[in-house]
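Peer 1: The chain contents come next:
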Amino acid sequence: MIRLRLTPVLLGVLLWIASAAASTLAEFKFDSPAQEQQFRELTEELRCLVCQNESLAGSQAELAQDLRREVYQMMRAGKSREEVINFLVARYGDFVLYSPPLKPSTYVLWFGPLVLVVVGAVLLWRVLRRKQAPAQDDLSTAEQQRLQALFDADRPPGNP
Amino acid sequence: MKSYLRFFLPLLVFVGIALFLFRGLAIDPRKVPSPLVGKPAPSFALPELRDPTRTVSNADLLGQVSLLNVWATWCVSCRAEHKELMRLAREDGLQIIGLNYKDERNDALQWLRQYGDPYRMNAFDQDGRVGIDWGVYGTPETFVVDRKGIIRYKQIGPISREEWEATLRPLVQQLKVES
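Which chain is which? The protein sequence lines are A and B, in order. Here our numbering is used: the first residue of the first sequence is 1, the next is one more, and so on. Here our numbering is used: the first residue of the second sequence is 161, the next is one more, and so on.
Chain A with its partners taken away, still in its complex shape (with noise of 0.2 Å):
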C-alpha cells in the first residue's frame, strides 16, 4: 500500500530532477542531434567550480551558466573538443577536469591503487604460503632432551 502511495510523488522526483537537467540546455539551439549530444557529453565532463559536486552540465550556478556559454560559442565556432578542454583547463587549472589528466603530480592518483593492491595481493600471497607449508617447528636433538626431562621432572615419580 506504502509503496503504491509513494510511486506518484517518486515519478514527480523524477521528472522535477529531469526538468531541472533539461533547463540548463534549453537557451541552446543544435544544427543536429549529434552535436547536443557531444555538447552534453563535454559538459557532463567538466566540473563547475562554484558547486564543485556537480557538473557543468547540472549546475545552475551563475559562472555555471557563463561557461556552458562559453563552450556552446566555441563549439558553434567549430573549436574541437580538446581545444575546449585546454581553454578551461589554462584559466581553471585540471580541478575543471572531473577525469584528471595522467601527468607526474598525478602519477600517486592514477597509480596508488594499484600499487596498493599489487603490495596486498604479495603479502597475502606469502601469509597462505606460510600457512600451506609443513611446520618447520622440529626441535634439535639438544632441545628434545631438555623438553623431555621437563616432562620427566614434572610426573610423580614411580608413574610409568
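The set of hints was computed from the structure by calculation and includes no laboratory data. In this text the structure is predicted, and so the values were computed from the model without any measurement. Certain hints may be false.
[What the hints assert, rightly or not] Here are the computed lysine-lysine pairs in the DSS-like style, where the Cα-Cα straight-line distance is at most 30 Å:
hint: 1; chain 1: A; residue 1: K103; chain 2: B; residue 2: K191
hint: 2; chain 1: B; residue 1: K199; chain 2: A; residue 2: K103
hint: 3; chain 1: A; residue 1: K79; chain 2: B; residue 2: K262
hint: 4; chain 1: B; residue 1: K199; chain 2: A; residue 2: K29
[Unchecked claim] Residues from chain B shown here face chain A by an in silico Cβ test under 8 Å; the list is partial:
hint: 5; residue: G288
hint: 6; residue: I292
hint: 7; residue: D293
hint: 8; residue: Y297
hint: 9; residue: G298
hint: 10; residue: G309
[Unchecked claim] Take a look, some chain A residues computed to stay more than 10 Å from chain B by CB distance:
hint: 11; residue: K29
hint: 12; residue: Q38
hint: 13; residue: F151
Glycine included, each C-beta is placed from N, C-alpha and C at the ideal position.
Fit chain B to the given chain A structure using the hints.
Peer 2: Relative to the frame of chain A, chain B by itself:
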C-alpha cells in the same frame, strides 16, 4: 631485529596514513590553485567604471606592483574586505585596480560613494567575460601582479589583516625590491 619490524611496520604505515589525512583536513577544497600564477596577466580592455570613455587594460598593470581585485556589490564578503582595501590604498599607497565583476554600474558607483574608493581605476566587466579569462570563480579574488605584468599570487576570498601581514605584504615588499 626482524620481529621488531613486524610489530612496528603496521604502526609506521598507520602513522603515515594518519599524517597524510590530517594534512588533508587543513586543505580548503574551495581554494583551487590558479594555473595563471607565474604567467603574464591575461590581456583585456574594458571601459572604466566611472568614466566609460576611458579604457582599462593590462597595460595599466605594467611599471609598478599592483593588486587586481575582483569585486561586486552583490558579493557579501567583498564588503568585509573593503575596509582592508581602503587601509592598503591609504597606508601602503599600493596601486589597486578593480575588476568590477558582473555588476550594475549604478550599484557599483553607489557602493564606492558610500564606502569609499580604494581603487586607482576600475575595469567594468559587466558580462564576466574578462573574469573567465582570469579564471575568476568566486568573489572576492585578488591577484598580485609584478611590474612586468606577471601574476605572482592569487588570493581567493577576502584579504584579512592577518593574511595580508602573513602572506601578501612580504610578497609585495619583495616584488617592489625586484627590478
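Peer 1: All the hints need checking, so say for each whether the structure fits it.
Peer 2: Evaluation of the provided hints:
1. K103(A) with K191(B): 21 Å, holds
2. K199(B) with K103(A): Given that 30 Å is the threshold and the Cα spacing comes to 20 Å, the pair holds.
3. K79(A) with K262(B): It holds: about 26 Å lies between the C-alpha atoms, which stays within 30 Å.
4. K199(B) with K29(A): 36 Å, violated
5. G288: Hint holds; G288(B) Cβ to chain A Cβ min 5 Å, cut 8 Å.
6. I292: Interface hint status for I292(B): holds (6 Å vs cutoff 8 Å).
7. D293: 6 Å, holds
8. Y297: 4 Å, holds
9. G298: It holds, given that the least Cβ distance between G298(B) and chain A is near 7 Å, below 8 Å.
10. G309: Cβ of G309(B) sits 17 Å from chain A, so the hint is violated.
11. K29: Holds: least Cβ distance 20 Å, greater than 10 Å.
12. Q38: 21 Å, holds
13. F151: 28 Å, holds
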